[in-house]
Amino acid sequence: MTTSITDQLTHADAAIGVVFDPRVSTVIDDGAALTLRPAAVVMDLDRLGMMQPSRLSFMRTLVRRMVQEAWRITEERFALDDHGYGEAIYCLEAGSESYRFVVFSSPLENAHRNDRVISNQWDLTMALVRGNLSDAQLDQLRLNVPLQEAGRMEENVLVLSRANRSARSFAEVVARLAAGQQPDVERLKIAGYLCRTTAVYGSGKFGMAGWHVVKTSCRSFRTPFSGEMFTCYMLRHFSCRQVEHIARQRSPSSAVTLAPEIERYIGIGNATGLGMAPFLIKHPVLISHWMTQREIALARIMSQTDCDAPKLCALQSMLGQVVQHLQETTVAADYQTSRNQILIAACLALIAKVAQPAFSDTLKRGGWQGLQTFVEDHYGPAAEELVQVLLFELYPHLVDPLEESMAADETLDLDSGMTLVELLVLLETHYDWALNIDFNDPNHHALFWYRSEEKMEPRLGDRACDAGAERELPLLIALGARQCFDAIQKSLAENPESLVVDFLIGHPDQLATVRRVQTLCGLPYGDIRGNLSDRNLEPMHLLRAKLSFFGVGKFDPKSRLWVRNTMFQGAPIIEDLSQDINPDHWYFPTAPVL
Amino acid sequence: MLRVSYGELLAQLKQSFEAFGYSLGEYESAATCVLSLELWGFGGLALLEAALPSLELHKQWAPGVTYESNALMLDCYQGSALFGLIPSLELIYVKARQHGASRATLLNCTEPEFVLPLLMQVCQRGYYASIHWPSTEDPTQLRWVLLEGDVSGIRVDSKIWQANAPLQASVSIEVARPDSAFSSDHSDPEGQGLLLQDHWGNAALQALFEERYMSSVTIDPWLWSRLQDLGRQVLVPSTEASRSGAGAD
Numbered sequence: 090m091t092t093s094i095t096d097q098l099t100h101a102d103a104a105i106g107v108v109f110d111p112r113v114s115t116v117i118d119d120g121a122a123l124t125l126r127p128a129a130v131v132m133d134l135d136r137l138g139m140m141q142p143s144r145l146s147f148m149r150t151l152v153r154r155m156v157q158e159a160w161r162i163t164e165e166r167f168a169l170d171d172h173g174y175g176e177a178i179y180c181l182e183a184g185s186e187s188y189r190f191v192v193f194s195s196p197l198e199n200a201h202r203n204d205r206v207i208s209n210q211w212d213l214t215m216a217l218v219r220g221n222l223s224d225a226q227l228d229q230l231r232l233n234v235p236l237q238e239a240g241r242m243e244e245n246v247l248v249l250s251r252a253n254r255s256a257r258s259f260a261e262v263v264a265r266l267a268a269g270q271q272p273d274v275e276r277l278k279i280a281g282y283l284c285r286t287t288a289v290y291g292s293g294k295f296g297m298a299g300w301h302v303v304k305t306s307c308r309s310f311r312t313p314f315s316g317e318m319f320t321c322y323m324l325r326h327f328s329c330r331q332v333e334h335i336a337r338q339r340s341p342s343s344a345v346t347l348a349p350e351i352e353r354y355i356g357i358g359n360a361t362g363l364g365m366a367p368f369l370i371k372h373p374v375l376i377s378h379w380m381t382q383r384e385i386a387l388a389r390i391m392s393q394t395d396c397d398a399p400k401l402c403a404l405q406s407m408l409g410q411v412v413q414h415l416q417e418t419t420v421a422a423d424y425q426t427s428r429n430q431i432l433i434a435a436c437l438a439l440i441a442k443v444a445q446p447a448f449s450d451t452l453k454r455g456g457w458q459g460l461q462t463f464v465e466d467h468y469g470p471a472a473e474e475l476v477q478v479l480l481f482e483l484y485p486h487l488v489d490p491l492e493e494s495m496a497a498d499e500t501l502d503l504d505s506g507m508t509l510v511e512l513l514v515l516l517e518t519h520y521d522w523a524l525n526i527d528f529n530d531p532n533h534h535a536l537f538w539y540r541s542e543e544k545m546e547p548r549l550g551d552r553a554c555d556a557g558a559e560r561e562l563p564l565l566i567a568l569g570a571r572q573c574f575d576a577i578q579k580s581l582a583e584n585p586e587s588l589v590v591d592f593l594i595g596h597p598d599q600l601a602t603v604r605r606v607q608t609l610c611g612l613p614y615g616d617i618r619g620n621l622s623d624r625n626l627e628p629m630h631l632l633r634a635k636l637s638f639f640g641v642g643k644f645d646p647k648s649r650l651w652v653r654n655t656m657f658q659g660a661p662i663i664e665d666l667s668q669d670i671n672p673d674h675w676y677f678p679t680a681p682v683l
Numbered sequence: 010m011l012r013v014s015y016g017e018l019l020a021q022l023k024q025s026f027e028a029f030g031y032s033l034g035e036y037e038s039a040a041t042c043v044l045s046l047e048l049w050g051f052g053g054l055a056l057l058e059a060a061l062p063s064l065e066l067h068k069q070w071a072p073g074v075t076y077e078s079n080a081l082m083l084d085c086y087q088g089s090a091l092f093g094l095i096p097s098l099e100l101i102y103v104k105a106r107q108h109g110a111s112r113a114t115l116l117n118c119t120e121p122e123f124v125l126p127l128l129m130q131v132c133q134r135g136y137y138a139s140i141h142w143p144s145t146e147d148p149t150q151l152r153w154v155l156l157e158g159d160v161s162g163i164r165v166d167s168k169i170w171q172a173n174a175p176l177q178a179s180v181s182i183e184v185a186r187p188d189s190a191f192s193s194d195h196s197d198p199e200g201q202g203l204l205l206q207d208h209w210g211n212a213a214l215q216a217l218f219e220e221r222y223m224s225s226v227t228i229d230p231w232l233w234s235r236l237q238d239l240g241r242q243v244l245v246p247s248t249e250a251s252r253s254g255a256g257a258d
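So the protein sequences, as listed, match chains A and B.
FYI, in the numbering used here the residues of the first sequence are 90 to 683.
FYI, in the numbering used here the residues of the second sequence are 10 to 258.
Calculated directly from the structure, the hints in this document are not laboratory data.
Just so you know, these numbers come straight off a predicted model, no measurement behind them.
One should not assume that every hint holds.
Stated by the list, open to error - Listing some non-contacts, in silico: residues in chain A with all C-beta distances to chain B over 10 Å:
1. 116
2. 133
3. 345
4. 422
5. 542
6. 550
7. 582
8. 669
What the hints assert, rightly or not - Cβ-Cβ distance ranges computed for the label pairs, FRET-style:
9. 517(A) / 10(B): 18 to 28 Å
10. 250(B) / 434(A): 34 to 44 Å
11. 121(A) / 238(B): 48 to 58 Å
Note that CB positions come from ideal geometry on N, CA and C, so glycine has one too.
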């Protein structure tokens with residue numbers, strides 16, 4: 090047995106932060122104790138794959154801000170040729186701030202148009218720029234924005250993105266507008282956008298302004314991903330103007346513009362692959378913050394006792410809207426179609442149930458918790474997640490203020506003076522889900538994540554047959570917890586009195602895991618409870634979780650590794666921003682009736 | 010010079026250091042060290058440029074640690090302070106936490122400036138720290154930095170002292186609780202006599218940090234290119250099979 094080179098600290102002295110009970114998490118909210126759902130439920134990977142967009146999703150909060158603060162967006166330049174190629178600049182005035190959205194449209198052969206991040210040609214490339222644009226900077230943008238990852242941006246550029254025309258809808262919408270007709274709504278139900286983004290970059294990449302700069306000095310985009318979401322919103326606007334322009338050039342005498350109802354129904358497409366998944370693992374504090382706000386919103390609502398007839402009626406109406414939305418959603422994957430069908434059936438059943446006087450009376454007495462329990466028991470967790478976000482719509486005053494708490498200091502703390510026994514207990518208590526995985530079973534350690542040399546695209550490999558496992562990304566939190574646990578047990582067997590610092594001197598490779606465990610023991614929702622190396626891993630669940638925070642709809646998996654979806658469908662258009670409108674009417678959007 | 014963003018540089022440093030074979034926690038800390046030194050005006054990137062050859066030669070070293078009479082002796086075996094010292098610095102902190110103050114001597118350590126950000130992290134817990142070492146260029150000059158702080162921020166003073174004779178080539182570190190007898194007196198730390206330069210005042214340092222933090226970082230294109238070359242070593246060559254298994258059909 091070796092001798093510890095440190096002395097024992099007292100328990101109280103060694104404690105780090107506030108440690109939560111993983112079975113029940115309680116927060117003090119406006120003087121009252123709120124009980125949040127346990128992390129074992131909220132952070133279960135399968136459940137994360139059932140998340141729905143909500144009032145707290147970044148697209149929703151952005152649109153609310155745009156309307157509430159009366160953002161003014163004007164066209165400064167629209168220089169496109171007959172085919173829609175050229176450039177356009179839009180000015181955003183938001184309070185005392187101004188920004189420019191610059192988009193370049195270039196010819197692209199069909200053979201070069203695809204959704205992969207590793208592509209290097211696009212129909213549209215664009216940037217969101219802070220302040221005014223000088224001629225010199227515009228020239229610099231013309232040179233660099235079309236290059237995307239290969240270009241360099243000025244430090245007043247906040248966001249860089251690109252998009253392709255939809256093969257399903259762009260040309261057809263142009264043809265119909267040129268012929269004096271509105272787009273076919275039935276076709277828009279299938280592809281409710283004209284263009285589809287394949288990447289949206291921010292946070293200091295390629296020379297752009299870092300997130301810490303945007304957060305502190307760009308009030309309009311102070312919440313996470315709001316600049317990125319605004320760029321997509323402007324792309325949506327531009328795509329509508331672009332089809333109108335091409336139609337007008339093609340047939341000046343007959344061309345019509347988009348009807349406002351149609352334009353609102355046109356969103357922007359998005360294709361997302363595995364690149365989103367590592368973010369969820371690498372930013373546990375931020376993810377915990379996001380999830381906590383959702384859970385606080387839910388807990389606030391569960392504590393309400395006004396489960397009255399008007400609210401139940403509104404809930405029925407929303408459920409009906411969800412049914413229509415899902416019926417109008419066309420997806421490629423059978424399993425997603427099946428999921429949508431099950432949700433439709435659950436919504437219809439719940440509408441009928443709520444209409445029963447005996448049931449609604451029960452709810453009026455028991456409150457929303459009774460509804461939650463009923464939905465979970467009878468329709469399953471997917472329906473439960475759906476009903477939760479619908480309840481958010483009934484209590485905007487309880488939910489919306491939480492949007493300002495979505496940013497977080499992401500530092501991971503280290504308490505090197507903690508006893509090693511305490512660290513072991515933290516692992517046993519908070520990472521039981523990880524310690525229960527048998528990593529000796531090859532199926533539980535089958536996959537690895539890595540970065541390809543092609544644009545550093547994250548990819549999944551199979552240890553049994555693919556090269557690159559020696560360079561895998563450090564995303565396997567469950568395995569890391571197991572390895573740390575085993576190493577601690579070994580150290581404690583040699584010296585039961587040792588401290589974390591003693592352990593780290595012998596095991597510096599455990600530094601990241603120790604920091605993570607010590608920090609996240611005070612944050613209930615930081616770690617996703619799933620084994621990312623399991624042969625049966627469904628990466629789509631990770632994508633769905635993050636995309637729900639963005640607020641996307643029409644979730645359409647194309648394989649187990651990538652998904653198409655729709656952004657801003659149903660959202661107010663620019664002309665609506667100056668009107669006295671409800672900025673939140675567009676959840677689960679449905680097709681317009683002309 | 011090339012201009013890169015704070016986040017971009019941090020990400021590149023992490024990836025480049027990952028290529029040295031260090032673990033996640035180690036390379037993240039090392040990247041933060043370089044960036045912190047750069048932002049605080051201590052020339053993190055220049056130090057890194059000078060250290061790169063030895064970093065590539067001396068991968069994955071760990072200091073020899075001995076502990077006697079509340080003083081640590083760390084032999085770095087000619088390794089850079091950029092790597093390998095986090096647990097040892099934590100040990101100094103734990104000792105100070107237990108006993109009020111603790112001292113450490115680093116032998117055979119290159120680029121001792123990289124210890125500064127680690128000490129800053131200690132000070133953010135409400136501790137004092139000081140570090141001094143003889144200048145590489147002139148071993149009769151002593152570089153001395155005193156740090157104090159809390160969660161709200163760090164205050165740093167840096168001075169250069171002139172000695173009459175070459176100083177011992179070691180790095181001295183002291184960490185202390187604010188309630189200890191540790192002196193925050195800025196006078197001559199080891200009787201070296203002449204104050205050559207009051208390197209930074211707090212206000213100037215803080216202003217510099219904030220200015221740099223809110224703008225971009227300039228970097229020698231050669232160094233940036235070298236870091237990118239290093240970083241590429243963690244990437245996996247692309248094959249048709251890997252392409253088909255990672256996204257759109």
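Structure-based check of all given hints:
In this structure residue 116(A) is separated from chain B by more than 10 Å, as the shortest Cβ-Cβ distance comes to about 21 Å. The beta carbon of residue 133(A) sits about 25 Å from the closest Cβ of chain B, which is more than 10 Å, so the claim that it is off the interface holds. For residue 345(A), the shortest C-beta to C-beta distance to chain B comes to about 34 Å, beyond the 10 Å cut-off, and the non-interface label holds. Even its closest Cβ contact with chain B, about 13 Å, leaves residue 422(A) beyond 10 Å, as expected for a residue assigned away from the interface.
Remark: the non-interface label on residue 542(A) conflicts with the geometry, its nearest Cβ contact in chain B lying 4 Å away (cut-off 10 Å). The claim that residue 550(A) lies off the interface is violated: its Cβ sits roughly 7 Å from the closest Cβ of chain B, which falls inside the 10 Å cut-off. No Cβ of chain B approaches the Cβ of residue 582(A) within 10 Å, the least distance being about 20 Å, so the stated non-interface status holds. The claim that residue 669(A) is not at the interface with chain B holds, since no C-beta of that chain comes within 10 Å of its own (minimum 38 Å).
Our hint of 18 to 28 Å for residue 517(A) and residue 10(B) is violated, since their Cβ atoms are close to 51 Å apart. At about 40 Å, the CB distance of residue 250(B) to residue 434(A) agrees with the hint of 34 to 44 Å. Checked against the hint of 48 to 58 Å, the pair residue 121(A) and residue 238(B) passes, with Cβ atoms roughly 57 Å apart.
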